[in-house]
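> One letter stands for each residue in the lines below.
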Amino acid sequence: MMPLRRFQIHQPKTVKEAAEMLSHYGEKGRLYAGGTELLLAMKHDLLRYEHLVDVKTVPGLDEIEIGNASLHIGTTVTHRAIEQSVPVREKFPVLAEMANHVANVRVRSTGTLGGNLCFAEPHSDPATLLLALQAHVHVQGRSGERTLGMEELIVGAYETTLATDELLIGIDIPRIAKSQRAAYLKFQTHERPTLGLALVLDVDGNGRSITKARAAVGSVSPKPCRSDQADALLAGPRDKVEKQLDDAAKVLADAADPVDDLEGSAEYKRHLIGVYLRRAFVKALA
Amino acid sequence: MSQKAGKKGEFHVVNHSVPRRDGRAKVTGKATYVSDVKLTGMAYAKVLRSPYAHAKILSIDASGAASRPGIYCVITGNDLEGLDPYYGHAVKDHPLLAIGKVRYVGEPVAAAVAVDERTAFEALEHIEVKYEELKAVLTPEDAIAKDAPLLHEKKFEAGALRGFEGEVAAGRGTNICQEAHIKWGDVEAAFKKAAAVVEGEYYFPMTYAYAMEAYVAIADVNDNGVTVYSSAQHPFMVRHDLKSIFNLPVSQVRLIVPFVGGGYGSKSYTKIEPLAAACSWKAKRPVKLQLTIEEAMLTTRSDDAYTWMRTAVNADGKIIARQARIYMNTGAYAENSPLVVEKSTNRCVGPYSIPNVQIDNCSFYTNTVPASSYRGFGCAQVTLPGESQIDELAAKIGKDPYEFRLANVAKPGEEFFPKMRSFDGTLKEDLDIAAKAIGWKEPLAKGRGRSVACSGSDAGAYPLTSTAVRVHADGSVTILTGSTELGQGSHTVIPQIAAEELGVPFENVHVVSSDTAITPYDRSTGASRTTTLMGSAVLEASREAIQQMVVMAADVLKVKVEQIQAIRGGVRCGEAQLNWSEVISKFYGLPDGEVIGRSYIRKSGKFAQLPVFWETACTGVEVSVDQETGKIAVEKLATVGDVGLAINPALAEGQDLGAATMGMGIGLFEELIYQGPQLMNGSILDYRLPRFSDLPKQVELHLVENQDGVGPYGAKGGGEASLNSMAANIANAVERAVGVRIRSAPLTPEKVWRALKERKQ
Ligand SMILES: Cc1cc2nc3c(=O)[nH]c(=O)nc-3n(C[C@H](O)[C@H](O)[C@H](O)COP(=O)(O)OP(=O)(O)OC[C@H]3O[C@@H](n4cnc5c(N)ncnc54)[C@H](O)[C@@H]3O)c2cc1C
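Here the protein sequences come in this chain order: A and B.
Counting from 0, one number per residue, gives the positions in the first sequence under numbering that gives the first Met the number 0.
Counting from 0, one number per residue, gives the positions in the second sequence under numbering that gives the first Met the number 0.
Accuracy of the hints is not assured; some may be wrong.
Claimed, not checked - Some but not every residue of chain B turned toward chain A, in silico, with C-beta under 8 Å: (1) Glu293; (2) Asn680; (3) Leu684; (4) Asp685.
Hints are computed from structural coordinates only; laboratory data are not their basis.
Quantities reported herein were computed from a predicted structural model and do not represent experimental measurements.
Just so it is clear, CB atoms sit at the ideal spot from N, CA and C, and this is done for glycine as well.
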């Protein structure tokens, strides 16, 4: 880490003002939330910006609200705030538990959910879980607002579909129904996860069969990934699904198409998808 | 003299866990490290580093950088005229900035000196360097290839302070940096008649000795000479290099070392001090050079080692022969690796009594980060193969590996290594304690395994140490010591010894340390030598002060010296009793003045035979293996430090826990990874260090204190040895847990998973 190069910081009071600033500075500017990724990359001289637009000075973006149909998380809500929120812990325990295992407490206290998603670093825990939970994000630019699904937001390693003037303002997660069971597990030996696996199962009253399933795997390839075919294999009578777990894992692994890197070989990651799909299945139904 | 070395149980100050002296200052942030030092008019340097592993430097144009506002100067390899820019205590092969050629990615090529760090850093990209890339040599295999390019074209002389008696092999027209060979008995014959033999190839990785404080130096070069504040373990060795770079008398070179934020070998010998000093020399003002952790990772590492080894046993279960061939990868410059080669060769024998031995070891220059000292000093590299083979052999002949060790370890007093000091440890006792601590004989849960392993190293501690103990007129004491406080506790242990000897309260004894202009010569703070050697010097100097004060007391009391009896804290003569304060005050006729006790330790007397001690320890582990992912967890850890006598037991145990944790890191995940010429995980975000969450749930720390060392009260060195056996221990325990033998560290989850998969097939 080198000394930070000189830059100017700007403090917008509204989303619109922030969008104007981003548009004005173009390539030379960047939105700045907790800075845990941005400043680190700048200190490593991997990124250079002359202007940082501090989204934290815009009021109202740091709130967690539970509605009847969904949970709303403002973009500047930190991992720590999610992990410690009583309503989240009660109604979305899977989310609170995931947040509790992001990075270390220093990063969690400063790093925001919005920053995590917008950086699109491939080893993101929330991006994987939110894909399985069918979350949507709200985005606002100079010319108005858009709502995007997770797959429409993150399209590659460090790659989102946000336009230069657009910022993420919040995330909506549909309520987890009584009939739904969710689990998120990760395998991690380094600073960031080698694999994250999220599973949401709709079960019938007695838990004998799964009416609908949604699995997502992340960290093994450039972006979190899911597969309709894998989800189909994960639905049906429980004992049948148990026998199909290996097939589902294989389909999911094919869809994710893991890459070789310092976290491990593609082959090993494919194997881990199988192990963790089974573990997540057991955990979700426990 | 009534003073005698006491027995355990009789001590007043030593062998007690008094709280460490620097503890409060350190945890409250008040302790001074080099980065806290600020000199008047101080400038800041930043370093431009080579993007190539091996390249000719065709030209450097620094004008664009030098003319920027706030820049004092830019220095390159072309600006060193008037200096002798090559340094190295073993081989003078290391230019303080690349001259004409770069030899690894990250090698310093130029430095900018500016009003602040940021300005210096921002100037770097305006220095234009033209390179012509050369073929790079990355592994020992590359280095010996027929058409391998040469890293070093120059001839080198062996450094006078290299720490061993043999020649150095570097600079003879090959990429060989150093060779070492030992041989006794008839290895071939022994293997022929063996009842069982194991043979295998092992790999010990490149590791980084992470210290919380990265390298930092502040240099002030002016007409009076060279003064450098540095995070150096061995200020006197650095002084020697600086003296020759600047061609100055020793008296004009001054190294000052405040607290050092961890070393583990990585801060031994000269590192960034010559560059900082050259910056100051050119900028004509004090200059601070503070590296980042990432830059520190481009400064030094451990030698990685490829070892082929075989070990033979006879029908009675006695080890009869061991042979090994080791190739070490020492990186771009020799640094202290010639000594690492020498030591790793010796340490292949382990603490075993083996009648037929042949070890051939060779280290190679490659275009990678230079390797040097690393805690354990070549021992960990060869204890992975050595202690693995003990278990492999035991399994082969159907013996319990613990019993097998008991039957073969060197015995107390045994001359198991020709021409070396006879063994001064009690390994059977140590092993017994380690085995009990991890429940060796108890039933094991599925997927779990245990191992106990040991190491005994011929300590690299060279006996050349001096000190002064100043007893003041109020009876308080100041010790001048060249030993640096790196966290190991020397500032606590040294005054404990003086307080014990002089019979004064520990609270009244203080230390002034590591300023080469003030503190007497001490060769180094490494190889676990401080307690044994500096401790002995402080003990002797305290006794010498007492002798002087006995003479003074005779003068004061107007009696013959023979009539004075030294007692704890003072003297007696018939009815009269005087404490030291009274002796000194009466002698000078004023309540002021002092007595200076001195001592000089050299390779003679009880220190004549090397090693001055065998650094001996055992560790025991219980591991669990997740057979689906291959992930290992260390469930239990026991350390047994065979330290003779612990001057401060809590500190000695802390050293063992630290060393074992570091060894566990190597066993489980630490490894610098190169892809081609590029270091891929050169930051602590990517290089995986042990965390608190990795620590075993159950830890037992034991010390064995038989007062069998040559140090004060029978003390010996400790603090490295618990690292050495850990990687082998983990490999052995994994084998016993899940039946796969892994011969390379670290045992990453994927490696274990692959081994399990191969076994199934
Ligand atoms: C040591 C370490 C360990 C980590 N471990 C994990 C882990 O285990 N699991 C995991 O999931 N993550 C991990 N992370 C990532 C961590 O979650 C993120 O660093 C953090 O959430 C990013 O948030 P931030 O507010 O600091 O973003 P910043 O650094 O401020 O911003 C990151 C990027 O997002 C952009 N951005 C931020 N907010 C917005 C917005 N509202 N609209 C548009 N663009 C925006 C910025 O312009 C920037 O490009 C780790 C990070 C570190 C440093």
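> Next, verify each hint and record whether it holds.
Hints versus structure:
A distance limit of 8 Å between C-beta atoms decides the matter here; for Glu293 (chain B) the minimum to chain A is near 6 Å, and the interface restraint holds. The beta carbon of Asn680 (chain B) comes within 6 Å of a beta carbon in chain A, closer than 8 Å, and the hint placing it at the interface holds. The interface hint given for Leu684 (chain B) is met, as the beta carbon of that residue sits about 5 Å from the closest beta carbon of chain A, less than 8 Å. For Asp685 (chain B), the interface hint holds, since its Cβ comes within 8 Å of a Cβ in chain A; the closest pair sits about 7 Å apart.
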